[in-house]
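Construct the entire structure; sequences and hints are all you get.
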Amino acid sequence: MNPEGQQADISTPADIRTLVDAFYAKVRIDPLLGGIFHGVIRDRWPEHLEKMYRFWGTVLLGEQSYQGAPFRPHKEMPVQQAHFDRWLDLFHATVDAHFKGPMADLAKANGERMAAMFMERITFFREHPERWMQ
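Counting from 1, position 9 in the sequence shown corresponds to residue 174 in the numbering used here; the numbering is continuous, with no gaps.
Any given hint could turn out to be false.
No farther apart than 16 Å at their CA atoms in a straight line, the calculated lysine to aspartate or glutamate pairs in the EDC-like style are these [as the list claims (entries may be wrong)]:
no.: 1; residue 1: Lys273; residue 2: Asp250
no.: 2; residue 1: Lys216; residue 2: Asp261
no.: 3; residue 1: Lys216; residue 2: Glu228
no.: 4; residue 1: Lys273; residue 2: Asp174
no.: 5; residue 1: Lys191; residue 2: Asp250
no.: 6; residue 1: Lys191; residue 2: Asp261
no.: 7; residue 1: Lys273; residue 2: Asp254
no.: 8; residue 1: Lys273; residue 2: Asp261
No lab work stands behind these hints, which were simulated from the structure alone.
In C-alpha coordinates, the structure reads:
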(Lines of atoms letter the chains of each structure in order from A and count residues from 1; the text may use other names and numbers.)
(Lines give C-alpha, C1' and ligand atoms only; values in the text may rest on other atoms or scores of the structure.)
Protein backbone atom coordinates (compact mmCIF):
# COMPACT_ATOMS: atom_id res chain seq x y z
CA MET A 1 0.00 0.00 0.00
CA ASN A 2 1.15 3.51 -0.67
CA PRO A 3 0.77 6.36 1.86
CA GLU A 4 -2.70 7.16 0.52
CA GLY A 5 -3.87 3.65 1.44
CA GLN A 6 -4.07 2.52 -2.18
CA GLN A 7 -2.36 -0.53 -3.57
CA ALA A 8 1.00 0.30 -5.06
CA ASP A 9 2.53 -1.37 -8.08
CA ILE A 10 5.39 -3.86 -7.96
CA SER A 11 8.53 -1.74 -8.13
CA THR A 12 11.13 -2.86 -5.59
CA PRO A 13 12.90 -6.01 -4.40
CA ALA A 14 10.83 -5.72 -1.21
CA ASP A 15 7.69 -5.91 -3.34
CA ILE A 16 9.02 -9.07 -4.99
CA ARG A 17 9.62 -10.60 -1.56
CA THR A 18 6.09 -9.69 -0.49
CA LEU A 19 4.65 -11.30 -3.62
CA VAL A 20 6.74 -14.47 -3.40
CA ASP A 21 6.29 -14.93 0.35
CA ALA A 22 2.53 -14.38 0.23
CA PHE A 23 2.10 -16.63 -2.80
CA TYR A 24 4.09 -19.54 -1.43
CA ALA A 25 2.38 -19.24 1.95
CA LYS A 26 -0.84 -20.02 0.04
CA VAL A 27 0.76 -22.77 -2.05
CA ARG A 28 2.17 -24.55 1.00
CA ILE A 29 -1.28 -25.04 2.54
CA ASP A 30 -3.23 -25.57 -0.66
CA PRO A 31 -4.90 -29.02 -0.80
CA LEU A 32 -4.04 -29.51 -4.48
CA LEU A 33 -0.57 -27.96 -4.70
CA GLY A 34 0.87 -28.20 -1.21
CA GLY A 35 1.74 -31.88 -1.30
CA ILE A 36 3.45 -31.63 -4.67
CA PHE A 37 5.59 -28.68 -3.62
CA HIS A 38 6.44 -30.23 -0.25
CA GLY A 39 7.36 -33.48 -1.97
CA VAL A 40 9.87 -31.74 -4.21
CA ILE A 41 11.14 -28.92 -2.01
CA ARG A 42 11.03 -30.78 1.31
CA ASP A 43 13.03 -28.75 3.86
CA ARG A 44 14.63 -26.46 1.27
CA TRP A 45 11.97 -23.73 1.37
CA PRO A 46 14.40 -20.90 2.21
CA GLU A 47 16.55 -21.87 -0.79
CA HIS A 48 13.49 -22.11 -3.04
CA LEU A 49 12.16 -18.73 -1.92
CA GLU A 50 15.54 -17.07 -2.55
CA LYS A 51 15.54 -18.55 -6.05
CA MET A 52 12.01 -17.23 -6.63
CA TYR A 53 13.01 -13.74 -5.41
CA ARG A 54 15.79 -13.76 -8.01
CA PHE A 55 13.53 -15.18 -10.73
CA TRP A 56 10.72 -12.65 -10.29
CA GLY A 57 13.20 -9.82 -9.69
CA THR A 58 14.75 -10.64 -13.05
CA VAL A 59 11.40 -11.01 -14.84
CA LEU A 60 9.71 -7.93 -13.39
CA LEU A 61 12.48 -5.57 -12.31
CA GLY A 62 15.20 -6.46 -14.80
CA GLU A 63 17.64 -7.27 -11.99
CA GLN A 64 19.41 -10.04 -13.93
CA SER A 65 19.92 -11.91 -10.66
CA TYR A 66 18.40 -15.23 -11.75
CA GLN A 67 20.40 -17.71 -13.74
CA GLY A 68 18.95 -21.06 -14.49
CA ALA A 69 16.49 -23.07 -16.48
CA PRO A 70 13.09 -22.64 -14.83
CA PHE A 71 11.45 -25.52 -16.70
CA ARG A 72 13.95 -28.22 -15.75
CA PRO A 73 12.83 -28.71 -12.11
CA HIS A 74 9.20 -28.97 -13.22
CA LYS A 75 9.44 -31.40 -16.12
CA GLU A 76 8.96 -34.59 -14.12
CA MET A 77 6.47 -33.30 -11.57
CA PRO A 78 3.17 -35.21 -11.37
CA VAL A 79 1.06 -32.29 -12.54
CA GLN A 80 -1.93 -31.84 -14.81
CA GLN A 81 -3.73 -28.79 -16.19
CA ALA A 82 -5.77 -28.52 -12.96
CA HIS A 83 -2.55 -27.91 -11.02
CA PHE A 84 -1.53 -25.08 -13.33
CA ASP A 85 -5.03 -23.61 -13.16
CA ARG A 86 -4.87 -23.63 -9.36
CA TRP A 87 -1.35 -22.16 -9.41
CA LEU A 88 -2.65 -19.32 -11.58
CA ASP A 89 -5.68 -18.76 -9.35
CA LEU A 90 -3.44 -18.43 -6.29
CA PHE A 91 -0.90 -16.29 -8.13
CA HIS A 92 -3.51 -13.88 -9.49
CA ALA A 93 -5.22 -13.65 -6.10
CA THR A 94 -1.89 -12.90 -4.42
CA VAL A 95 -0.92 -10.22 -6.92
CA ASP A 96 -4.37 -8.62 -6.70
CA ALA A 97 -4.35 -8.68 -2.89
CA HIS A 98 -1.10 -6.74 -2.68
CA PHE A 99 -0.52 -4.75 -5.87
CA LYS A 100 -2.20 -2.79 -8.61
CA GLY A 101 -0.71 -1.31 -11.75
CA PRO A 102 1.15 -2.15 -14.96
CA MET A 103 3.81 -4.29 -13.27
CA ALA A 104 1.17 -6.23 -11.35
CA ASP A 105 -0.61 -6.86 -14.65
CA LEU A 106 2.71 -7.90 -16.21
CA ALA A 107 3.33 -10.32 -13.34
CA LYS A 108 -0.03 -11.97 -13.96
CA ALA A 109 0.53 -12.10 -17.72
CA ASN A 110 3.97 -13.62 -17.23
CA GLY A 111 2.52 -16.18 -14.83
CA GLU A 112 -0.08 -17.13 -17.43
CA ARG A 113 2.53 -17.50 -20.17
CA MET A 114 4.83 -19.51 -17.94
CA ALA A 115 2.05 -21.88 -16.82
CA ALA A 116 0.91 -22.43 -20.41
CA MET A 117 4.47 -23.04 -21.63
CA PHE A 118 5.27 -25.45 -18.78
CA MET A 119 2.10 -27.47 -19.35
CA GLU A 120 2.72 -27.57 -23.10
CA ARG A 121 6.29 -28.78 -22.62
CA ILE A 122 5.35 -31.32 -19.94
CA THR A 123 2.65 -32.72 -22.23
CA PHE A 124 5.11 -32.91 -25.12
CA PHE A 125 7.73 -34.77 -23.10
CA ARG A 126 5.14 -37.16 -21.70
CA GLU A 127 4.04 -37.97 -25.24
CA HIS A 128 7.65 -38.19 -26.48
CA PRO A 129 9.70 -39.63 -23.60
CA GLU A 130 12.59 -40.37 -25.94
CA ARG A 131 13.19 -36.61 -26.11
CA TRP A 132 13.74 -36.11 -22.36
CA MET A 133 17.49 -36.13 -22.69
CA GLN A 134 17.71 -33.94 -25.78
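Hint by hint, here is what the structure shows:
no.	hint	verdict
1	Lys273 with Asp250	holds (13 Å)
2	Lys216 with Asp261	violated (22 Å)
3	Lys216 with Glu228	holds (13 Å)
4	Lys273 with Asp174	holds (12 Å)
5	Lys191 with Asp250	holds (14 Å)
6	Lys191 with Asp261	holds (14 Å)
7	Lys273 with Asp254	holds (10 Å)
8	Lys273 with Asp261	holds (9 Å)
In this structure, the one hint that does not hold is number 2.
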